[in-house]
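Visitor: The residues making up each chain are set out below.
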Amino acid sequence: SAVISQKPSRDICQRGTSLTIQCQVDSQVTMMFWYRQQPGQSLTLIATANQGSEATYESGFVIDKFPISRPNLTFSTLTVSNMSPEDSSIYLCSVFGTGIGANVLTFGAGSRLTVL
Amino acid sequence: DQQVKQNSPSLSVQEGRISILNCDYTNSMFDYFLWYKKYPAEGPTFLISISSIKDKNEDGRFTVFLNKSAKHLSLHIVPSQPGDSAVYFCAASPNNAGNMLTFGGGTRLMVKP
Numbered sequence: 007s008a009v010i011s012q013k014p015s016r017d018i019c020q021r022g023t024s025l026t027i028q029c030q031v032d033s034q035v036t037m038m039f040w041y042r043q044q045p046g047q048s049l050t051l052i053a054t055a056n057q058g059s060e061a062t063y064e065s066g067f068v069i070d071k072f073p074i075s076r077p078n079l080t081f082s083t084l085t086v087s088n089m090s091p092e093d094s095s096i097y098l099c100s101v102f103g104t105g106i107g108a109n110v111l112t113f114g115a116g117s118r119l120t121v122l
Numbered sequence: 335d336q337q338v339k340q341n342s343p344s345l346s347v348q349e350g351r352i353s354i355l356n357c358d359y360t361n362s363m364f365d366y367f368l369w370y371k372k373y374p375a376e377g378p379t380f381l382i383s384i385s386s387i388k389d390k391n392e393d394g395r396f397t398v399f400l401n402k403s404a405k406h407l408s409l410h411i412v413p414s415q416p417g418d419s420a421v422y423f424c425a426a427s428p429n430n431a432g433n434m435l436t437f438g439g440g441t442r443l444m445v446k447p
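Chains as they are written, first to last, in my numbering: chain B, 7 to 122; chain Z, 335 to 447.
Hint data in this document are derived by calculation from the structure and do not stem from the laboratory. Everything numeric in this text was worked out from a predicted model, so none of it was measured. Check before you lean on any hint, since a few could be wrong.
Unchecked claim - With a straight-line Cα cutoff of 20 Å, these simulated SDA-like cross-link-like pairs (lysine to any residue) come out: (1) Z:K371 with B:Q44; (2) Z:K371 with B:S48; (3) Z:K339 with Z:R442; (4) Z:K371 with B:V9; (5) Z:K339 with B:P45.
Model the full assembly from the supplied sequences, consistent with the hints where possible.
Guide: What follows is the structure, encoded as structure tokens:
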């Protein structure tokens with residue numbers, strides 16, 4: 007299946023600042039997905055990033071807070087803007103697998119953000 | 335409104351015994367179910383899935399059972415090994431493509447040697 011690299015793996019951020027998370031995939035993929043896992047909570051889909059078009063956001067998530075770029079078929083970024091402590095979460099990039107795992111999501115290791 | 339629930343936040347099992355992780359869902363549109371395993375500092379990894387046309391799917395030590403009438407599925411691990419200690423997430427989708435996943439809250443499994 008696809009290999010996904012995320013940067014940074016973790017960061018500690020100050021309230022009011024913004025941070026951009028990068029996601030690199032080792033193969034070309036049509037759709038990339040950004041998830042959030044708040045402490046002790048489940049994984050929640052933030053948005054779907056398609057190359058060449060605007061990202062599609064899930065209910066409760068807006069572009070101003072979580073702008074997403076998708077410049078090509080192997081790369082995407084998620085920015086967490088104007089952060090508050092409630093944004094402290096693990097942010098995960100995911101894509102569909104390939105081969106026998108073609109219909110399941112493969113996740114990156116995640117980016118753990120702590121907002122002070 | 336939690337559409338996928340894992341009511342046990344943690345489970346402790348002795349090595350060699352069976353681990354049973356449970357998951358309940360409320361949305362009758364879900365027809366594809368998956369289990370993911372997550373180790374600390376790693377992303378979730380796919381473990382096993384089942385389509386709503388089946389009631390059982392087996393892969394080695396892992397078996398998933400689906401009871402559509404009860405809207406309940408379970409993951410059985412036999413025999414449990416210390417390396418199975420992780421957080422297990424149940425997920426459901428209204429299609430067979432594996433996207434639009436709704437995840438449960440996770441169950442932390444601890445397998446004691």
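Visitor: Now, for every hint given, state plainly whether the structure supports it.
Guide: Comparing the hints with the structure gives:
no.: 1; hint: Z:K371 with B:Q44; in the structure: 17 Å, holds
no.: 2; hint: Z:K371 with B:S48; in the structure: 13 Å, holds
no.: 3; hint: Z:K339 with Z:R442; in the structure: 14 Å, holds
no.: 4; hint: Z:K371 with B:V9; in the structure: 17 Å, holds
no.: 5; hint: Z:K339 with B:P45; in the structure: 17 Å, holds
In the structure shown, no violation is registered for any of the earlier numbered hints.
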